[in-house]
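Student: The chain contents come next:
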Amino acid sequence: MTTPRTVELVVNGEHRAGDAEPRMLLSDFLREQLGLTGTHVGCEHGVCGACTVLVNGEAARSCLMLAVQAAGTEVRTIEGLGGVDDMHPLQEAFWEKHGLQCGFCTPGMLMTAVELLESTPNPSLDDIREAISSNLCRCTGYQTIVEAVQAAAERMQGEAQ
Amino acid sequence: MYPFTYHRPASLDDAKARLSASEDGRPLAGGMSLLPTMRFRLTSCADLVDLNGIEALAGIERGDGHVRIGAMTRHAAVVESPEVGEAIPALAALAGSIGDVQVRNRGTIGGSICFADPAADYPAGLLGLGATVNTDRRAIAADDFFTGLYETALEDGEIVVSVDFPVPARAGWAKFGNQASRFAVVAVMVSLSGGSVRLAVTGARSHVFRVPEMEQALAGDFSAEAMDGIAVSSEGLNEDLHADKDYRAHLIGVMAKRAVRDALAQ
Ligand code: FES
Ligand code: FES
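Order-wise, the sequence lines are chains R and G.
Residue numbers 1 to 161, in the numbering used here, belong to the letters of the first sequence in order.
Residue numbers 1 to 266, in the numbering used here, belong to the letters of the second sequence in order.
This is chain G alone, in the form it adopts within the complex (with noise of 0.2 Å):
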């Protein structure tokens, strides 16, 4: 690794203010992506900013018509949360299929899209679910928040603070994850609220996207067999030594009906 200012503010305003002095300033969340990042020397910054000395950003709390969960919040209390469980459950479960027990006791929403790896689970969660993105200055719908490989719409020391989750009249979550990393291979959210319909993709490209054709079959009618017949075409698909394009394409189906049927099973 190298050095590195090592930052501990202890609320939001103090952390805005170190980043904004720093060239070369990074947010620490979780750490889960960006330690081994930084260990393998990938990566690297002047000013390491921990934001896990700022209490006011962990906490779910349920409002009207939402749920909102901190950016700090760790995928083991997303788990755990009544709120969440009740309200969303297909959430619970997308958290409770993140990584192992370790990375969920210390793995953050907020890093996690923020790093917005590729087969990184909460971008489908936040797509699917038409959520929105609030930062220190201001909202950002989920269609609009991923925007490449590993790439967001945050500006330069902009800070994630929190995410509202619409609470949907059904959803549902289906992975299909690499069984040594439990990284998604293929993963979908589906969401259905007030006859619209949303499917979201996260593991399949370079960043997390959307399926209109299946979208618009599933608002007709809201069924696994609705989708028959609908291919995903394989262009563009991530290929590795997990799965090829075609093989993605092809689970990106599979995973939309499971998706749907767990959606409809709750």
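Bound conformation, chain R alone (with noise of 0.2 Å):
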């Protein structure tokens, strides 16, 4: 139906439900429907990143996902990743490579670069250049992002021993 249907999935380890008609994006189903707007839109067409989440564990664009597409799966957000008082070593690697300045790619860098280091946990530059090549960024001029992914990685490995 045209109509709008509920859909129902995991969203960082909650399950949440919300209406969404079937035209309706992934990105503003979870932006509108459920509040979390720390998922950025930019495009809205597939081609800046900006709206990464993480689908069933895989990066993915929530611009290029219907909502009712998402229904049943387990999504994470940069909500999920970690808050002020409990940084995931991404966010506090961003904070201290300055691999942020407006901050607006950042959520959808921050879930490309998840899914790289939970795949890939002593990536070379090579391998995060190509993993953030999905990404648009109009501040940093990415090399500090890579910086920050690169000592992420460190931590986490550091941390893993």
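Fair warning: there could be bad hints in the mix.
Unchecked claim - Label-pair ranges, simulated between beta-carbon atoms:
{"id": "1", "chain 1": "G", "residue 1": "Tyr150", "chain 2": "R", "residue 2": "Gly103", "range": "33 to 43 Å"}
{"id": "2", "chain 1": "G", "residue 1": "Leu241", "chain 2": "R", "residue 2": "Arg138", "range": "14 to 24 Å"}
{"id": "3", "chain 1": "G", "residue 1": "Arg41", "chain 2": "R", "residue 2": "Gly103", "range": "30 to 40 Å"}
{"id": "4", "chain 1": "R", "residue 1": "Asp86", "chain 2": "G", "residue 2": "Leu42", "range": "41 to 51 Å"}
Claimed, not checked - Rough simulated footprint, nothing fancy, chain R against chain G, three-plus residues with beta-carbon under 8 Å:
{"id": "5", "stretch": "1-11"}
{"id": "6", "stretch": "102-109"}
Simulated from the structure, these hints should not be mistaken for lab results.
For each residue, glycine too, the CB sits at the ideal point set by N, CA and C.
From these two lone chains plus the hints, build me the complex, please.
Tutor: Below, the structure written as structure tokens:
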């Protein structure tokens, strides 16, 4: 039906539900129906990567998925990564290495980097550049982002040992 | 996006039934091209039939002399597949060169070939390797599948089920991708099987094509140098802000040689 239906899914470990018309994008659903505005929307057509979330553990552009397609999936957004008092090593590293300026691209960069470090704990600089090639940043020039991801990888490796 | 009715069938039969019951139905695969096109209101449909719930459409198996890839297999699965890596490493390289990680996690081989973007990578993979497209009603040779700009031989409501790639003696992939979008400005797949050669080019024209002069030269001598002196005419080639037609013609020669060297290195 073109009429709204209830979409049930798990977001950041919590069971959530909201109404969505079939044409509603997952990005808009997260922001408007679930109030999770940490997922940013830049281009809304699959170019900038700002809207990146993890769907069943894999990085996906939430503007290239319908909300109804996410029914029954497990989604991770920036809100689930860590807060002011318990930052994820990636968030700490972005802070320390100046991996952000305006911060608009940052949620997407972080979620892309989360997938990279979970699948490749010890990435080369090329791996990092290749991974974040999906995400646009208009401020930093990328160098500090690459350094931040590298620093976070080192820290997480150290913690794992 | 214009409104539509959303369907999520769990079987191919159910998907076929829903498509044939609709005046204006469209299957949805990975959505990497179709969803943005719908968002721009460049296209619309009354019924969107999402194939993502049909598990039987995804998967990779090694058959007798070929590798079969299900239509809903994601690019990332092709990159990681031991069967593809062992039998046709050039095809794994092709899949790994598509877009970026988010696109490879969602995009599918079936979606790519049905959308038939002039700069998509898989069409060159199918044509250069002599693949066969299996649909819900017939088998279509890659030579007959791609018919024009965003055009294929598929009939209304026909669904691609899998693609069979014959295992070549050698194959190579070379791509000059746009640095921002990673779409092919020009990319070449070449393969050698029992003395016959196929060389397919994507990104350069309305749709993928073979280069018979190069194939003949390579059949006699499978080396990059065998193509020395063969110039591809720029007539009818694509021109856009990334490359004019003369540059694309030049790139075809360069990428063809790189593809052959890639094949010889494997
Ligand atoms: S908002 Fe999704 S890729 Fe730009
Ligand atoms: S910090 Fe401003 S866009 Fe990346």
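Student: Determine for every hint whether it applies to the structure shown.
Tutor: The hints, checked one at a time:
Distance hint check for G:Tyr150 and R:Gly103: the Cβ-Cβ separation is about 38 Å, which falls inside the suggested range of 33 to 43 Å. A beta carbon spacing of about 20 Å between G:Leu241 and R:Arg138 agrees with the range 14 to 24 Å that was offered as a hint. A beta carbon spacing of about 31 Å between G:Arg41 and R:Gly103 agrees with the range 30 to 40 Å that was offered as a hint. For the pair R:Asp86 and G:Leu42, the beta carbons lie near 45 Å from each other, so the given range of 41 to 51 Å is met.
Remark: the stretch 1-11 of chain G is confirmed as covered by chain R, as 7 of its residues place a Cβ nearer than 8 Å to a Cβ of that chain, reaching the required three. Coverage of the stretch 102-109 of chain G by chain R holds in this model, with 4 residues showing a Cβ closer than 8 Å to a Cβ of that chain against a need of three.
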